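Protein chains in written order, with full-length UniProt numbering: chain A, 1 to 398; chain B, 1 to 398; chain C, 1 to 398; chain D, 1 to 398.
Derived from the structure by calculation, the hints contain no laboratory data.
Computed from a prediction, not measured in an experiment: that's the story for all the values here.
Hints are supplied without guarantee of correctness; some may be wrong.
One copy or two, either will do: identical chains are not told apart, so a pair holds if it fits within one copy or between any two.
[To be verified] Below, simulated EDC-like cross-link-like pairs (lysine to aspartate or glutamate); rule was C-alpha separation at most 20 Å, straight line:
| hint | residue 1 | residue 2 |
| --- | --- | --- |
| 1 | K394 | E281 |
| 2 | K325 | D198 |
| 3 | K275 | E136 |
| 4 | K286 | E134 |
| 5 | K64 | E136 |
| 6 | K18 | D378 |
| 7 | K344 | D381 |
There are 4 protein chains.
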Amino acid sequence: MIELFATEKLKSLYPKVKEFVEEELYPLELKMVNGPWEETKAMLDVIRAKAKSAGLWTPYLSEKEGGLGLSMTEFGQISELLGRTPLGHYALNCQAPDIGNIELMHQYASAQLKEDYLAPLIKGEIRSCFAMTEPEFAGSNPVNLGTTAVLDGDNYVINGHKWFTTAADGAAFTIVMAVTNPDASPYERASMIVVPLDNPGFENIRNISIMGEEGGGYMSHSEVRFKDCHVPKSNLIGEAGTGFMLAQQRLGPGRIHHCMRWIGICERAFDLMCKRAATRELRDGKKLGHQQTIQNWIAESRAEIDASRYMVLHAAQKMDLHGSKAARMEISTIKFYVADVLMKVLDRAVQVHGALGITDDTLLSFWYRHERGARIYDGPDEVHKSSLARSILKGYGI
Amino acid sequence: MIELFATEKLKSLYPKVKEFVEEELYPLELKMVNGPWEETKAMLDVIRAKAKSAGLWTPYLSEKEGGLGLSMTEFGQISELLGRTPLGHYALNCQAPDIGNIELMHQYASAQLKEDYLAPLIKGEIRSCFAMTEPEFAGSNPVNLGTTAVLDGDNYVINGHKWFTTAADGAAFTIVMAVTNPDASPYERASMIVVPLDNPGFENIRNISIMGEEGGGYMSHSEVRFKDCHVPKSNLIGEAGTGFMLAQQRLGPGRIHHCMRWIGICERAFDLMCKRAATRELRDGKKLGHQQTIQNWIAESRAEIDASRYMVLHAAQKMDLHGSKAARMEISTIKFYVADVLMKVLDRAVQVHGALGITDDTLLSFWYRHERGARIYDGPDEVHKSSLARSILKGYGI
Amino acid sequence: MIELFATEKLKSLYPKVKEFVEEELYPLELKMVNGPWEETKAMLDVIRAKAKSAGLWTPYLSEKEGGLGLSMTEFGQISELLGRTPLGHYALNCQAPDIGNIELMHQYASAQLKEDYLAPLIKGEIRSCFAMTEPEFAGSNPVNLGTTAVLDGDNYVINGHKWFTTAADGAAFTIVMAVTNPDASPYERASMIVVPLDNPGFENIRNISIMGEEGGGYMSHSEVRFKDCHVPKSNLIGEAGTGFMLAQQRLGPGRIHHCMRWIGICERAFDLMCKRAATRELRDGKKLGHQQTIQNWIAESRAEIDASRYMVLHAAQKMDLHGSKAARMEISTIKFYVADVLMKVLDRAVQVHGALGITDDTLLSFWYRHERGARIYDGPDEVHKSSLARSILKGYGI
Amino acid sequence: MIELFATEKLKSLYPKVKEFVEEELYPLELKMVNGPWEETKAMLDVIRAKAKSAGLWTPYLSEKEGGLGLSMTEFGQISELLGRTPLGHYALNCQAPDIGNIELMHQYASAQLKEDYLAPLIKGEIRSCFAMTEPEFAGSNPVNLGTTAVLDGDNYVINGHKWFTTAADGAAFTIVMAVTNPDASPYERASMIVVPLDNPGFENIRNISIMGEEGGGYMSHSEVRFKDCHVPKSNLIGEAGTGFMLAQQRLGPGRIHHCMRWIGICERAFDLMCKRAATRELRDGKKLGHQQTIQNWIAESRAEIDASRYMVLHAAQKMDLHGSKAARMEISTIKFYVADVLMKVLDRAVQVHGALGITDDTLLSFWYRHERGARIYDGPDEVHKSSLARSILKGYGI
């Protein structure tokens, strides 16, 4: 906890979550990394029940909705704790993409959609996914979208091809981004629509093999197809044509969540790196941590992780105080800055572990592989940098 | 100002200092960079008088002593403003090494030394310097010290060779670090002693030519010699043997000061870079700032400067709340982190300016040259990194 | 081919190998990356037969032994071609660790060992492995070795624990490094001994899961144990106590082989990156390759790959002309320089591919994961840098 | 010398030049760096005479013209030796911009211009300069040129504003780039014209203060103005409208010269760094060079300098064998690659020297300041990278 950001609520919650993560989840991690998801899932079900009774469930929701009413700044610090293990967010029902769908539907979905889809999602009875990215179009240009949803009576008929639909395998429904208003101005063409995955017009083509693993269940990213997929018009979230605006709404907090999770990963990798440095013997009494190069990596990692946390929490606080739009530049900044720090810290931690670092006997290989996407998803570094610079240069008249 | 660190006092003071810096000092900068110090000094004398009447003088001192009673966190933010011009700290009598000597003497000097030396220093009537570094010994090992001060009746007789005695040229006195207790344990051998520079045993050998300039007056760094230099025993600051402890006391706040000044330089260089990017035309309508490489530099600089400021202000606040010792690791961290950011931002700003960037027609060349020392003085990067890492690894048992 | 290094023999051979690689092997690559090894192996058996009839088999061997009598400099350039696909070296029987074992046994093994083990290895009828690294000891200090081989009559009795025994799964024999002369000086304690893997004292504990994959057959790295493993004394390679010297012999050419293979990977990744940049559309007519950041990566990669190739071929030529020992410093240099370039080029190629880059739909993810070890095996960067610097500083008297 | 590039001629010349540089020039360096140019120049006049009698003068010229008939590859290696001291090229009359002017005039100037200007330039009796860059236009776009030369009878009347006219102070003539054919296609508008500097239409506005120094004589860079400057039409070099083509001709070899000079600087800085590392004591017996960070810098510098040399010499050889145009991509590559290495090596050498490194007591500060331009002049990094990448991508169809 950062002194300045440690509210009373957080001071009470933080150690509980920390203990929960370390006691309940750390022992399961390598099993999950190496084994099939279903085995881990069964054990996690028990742990999720514990989390509920311990009052740790969905802490980002208001108390009325069964959460803890945390601000973005408070939840950010909890999210860092959860991020220290690949299981943390799932265990407390804070995992992407469900958390994003919950936040979105909570604010914009109809009462019926809330009852049918949001309520069981919050309880953790079902999982969901989010179908936005398309293989044929550069995701950095959100206006390019090939998927269409055409009104046919009371139904939308959806056709399109998506991939990186995270956690589709085993999910109950997806929110799909599709063009409903092709003649509107570019940013007002798309809408978000709920599609239950047992719909015959939906096909999960494959769990994409990513960095050596197809994964399964929650640990998967699918390529999917919508083929004359009929859903009731009432499955629309918000107004037709607001899809792009909703996506923006979704991304602001989403990027804070990602960044804090990455910082959690960094802290864990840092801890593993220091442990290894302190115990690996090079020769009589001389430890790896006595090497100056290793010391440099530890010091640089410490500085960069601290810098990341300060930046993200200040951005979260700005969002809490002034809203997502006011913090737009800060959010672009942390997106590329923290993703870069994550890669550097993981890479150093791997190197400090030597041959062990590339095995799956530690968590590092899992993160080294599966977090490489951090510099790509939700806007690649290049897009965020250009976007931030252009915002700044506007103030200089161009 | 960072929202979280903007006290009422600061909110009122900040815009005044900003205006003062921009209105009074910006017009003089290039004159100082290119001309002899004495000419600039004469004009600064007038401005210093204005600063006094405006109530901006020595803001880090308590109100009783003629300052504004700013906390470290508050002064840090003022210091950033002052750092945006090479003249800022001097104009408000906050310049190193005087500010360090003032802080030190205020806390540890005898009433007589205060009356004779500290009082006129605070008023800005005289300047001082600090003779610690020796050419023969690696500064990274403070225990190695060749200068000695031997008691001879009521006098200390000082012999030794120092360099990088900043601003000795024209100073009224120096504080010298010398071994008084050669038989004590390594960290209890040295003392700090006041030496007036008209002492016949003191010789200013040369203003060292640094990065192409010998400079002069306040803008100089001297090589000096003490040769059978007699000063009264009462010129000792604090107890004999406390020199190393006093140096540590001095360095904590000193590093915060440096870091905030560097951030000021970064912000100014960033502003110059953006201005150039927004105005330099490559071809019809296409500006330098439309190039993606330039945008990358702007975005990366923005991220790194913001990160630096958060880190330094949090360290300052820790120092305010818990004292210099508690913030020791944070201070090592900012020292190497911010110095590195400073170099990177200056380098990018130079490159964006093209040929203009290496001329003395902008401030950039001055800083590019004279701030290269930032990675060296007050402990080189390498020492701070190793020291931080060793502190961390202690927690892991080595 | 580099003009300066293009011998007549190479000019004739190079295009043949290039065509062979592109026509025969490129089509199989993704199958190998994604499928079980055994399926690919079956298809490779056919291709290996073709290679033999085409006269491309084991080109590094002398013509008398069925090779092409290539110099190190010539073979390096062929090796780069083979490195462009993960199947290249295997297809021509140039794959590690077999090539290292062949070179070693050819020079130092007894006639009987040659007949029993080397001959079928050269023909590609069997595979072999090399058991050196031990999990308990830092590989960067070769003197630390826990495995022992104790004479018992005409047998050695071997006990020890090894890992990263590459390609042990399915191999016919291993060469093991074990302490035979515990009382000798540190570098004269170990020996190399041939152990057939059907020996009851040998256990393949597991194919280690590395970067997400256990692999199998040739595509695996095992953890193995020797437990009272008896082999005839005549299985010793060379003299007892020469193991360390033989390992050095093995590593010199081995590092050239690795570096040239890495350059092949770099060229292929570079080609994939350029193809993607030239075809991926951002918006009407604007391609990814029109972005300046992408151009920077292409240009920097081009420079670094060219630099790598020049350095490695000059080192190879020095080895050809003056022997492995004379080129010791060059070999340390290329080991860390080229491994670093490999990581950078792969990372850029992944980023240019966006989401596609982290899938297993291209080769990039395979290399990104499995070549991360390049900075670790055969001496981590840190060891080679220190070792090179110390050699240089010896010339300055320390 | 690189084994592969060591011709018989070079083997005989190399040690002579090396000795000449070390014996005659090293002792004068710090005087030049710290003193007024005129004093050094007087001493260099004597040394230049010695160079002439020793047969080392203008070695890049054919033997008929008083040179040694070196190929680009041979001269590159001599140029590296000369680059090890800031005085080397001047001492043998190989200094820019004279060498460029000599190469250019030798090939394209009329017999009369050769007699009047080239002959005394080759003998070293006069110096020249080259007026191309204009403050108002981005140099990276050579088509933008504000200076005009309008025919008025038998005269050109030149009007324009230039800067970075290197060594104008004290030069006998300049070659100026001016628009003569404003209505031609963009690359055929400009011409090169010889202007004697005693022309009343020529004004040397100032020696620009660069990185803290205005310099003087050969060690200066001027801002100049042409105001109704009349010169005979016959002062045109080559045809009207060929200026851009001639500039390209000039730049190819010029960039090889620069790169080899930079490698010379790198080697000297490397030597200074190693000497310092081997002698600076941290504590009893522990030298700076025992620190792993310092060892990393030494090793990385060694690798990067070697890589640079290989790349530049292979580019030079390609130019020797196939002409400047064939080596265009290689030349862009070395321009940005070697400039970057130069900055890194100098920066490390400064850091290893600690406080001494930023003084003018070593050569490092001089190079750190005055070679910062290497990443800017003759095309900034950004332009060369984009240009190289675009050439590569053309092969991929865009």
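To see whether the hints hold, each was checked on the structure:
no.	hint	verdict
1	K394 - E281	between (55 Å within a copy, 16 Å between copies)
2	K325 - D198	neither (36 Å within a copy, 62 Å between copies)
3	K275 - E136	between (45 Å within a copy, 16 Å between copies)
4	K286 - E134	between (53 Å within a copy, 18 Å between copies)
5	K64 - E136	neither (43 Å within a copy, 54 Å between copies)
6	K18 - D378	neither (28 Å within a copy, 38 Å between copies)
7	K344 - D381	both (15 Å within a copy, 16 Å between copies)
This entry does not satisfy hints 2, 5, 6, going by the numbered hints stated previously.
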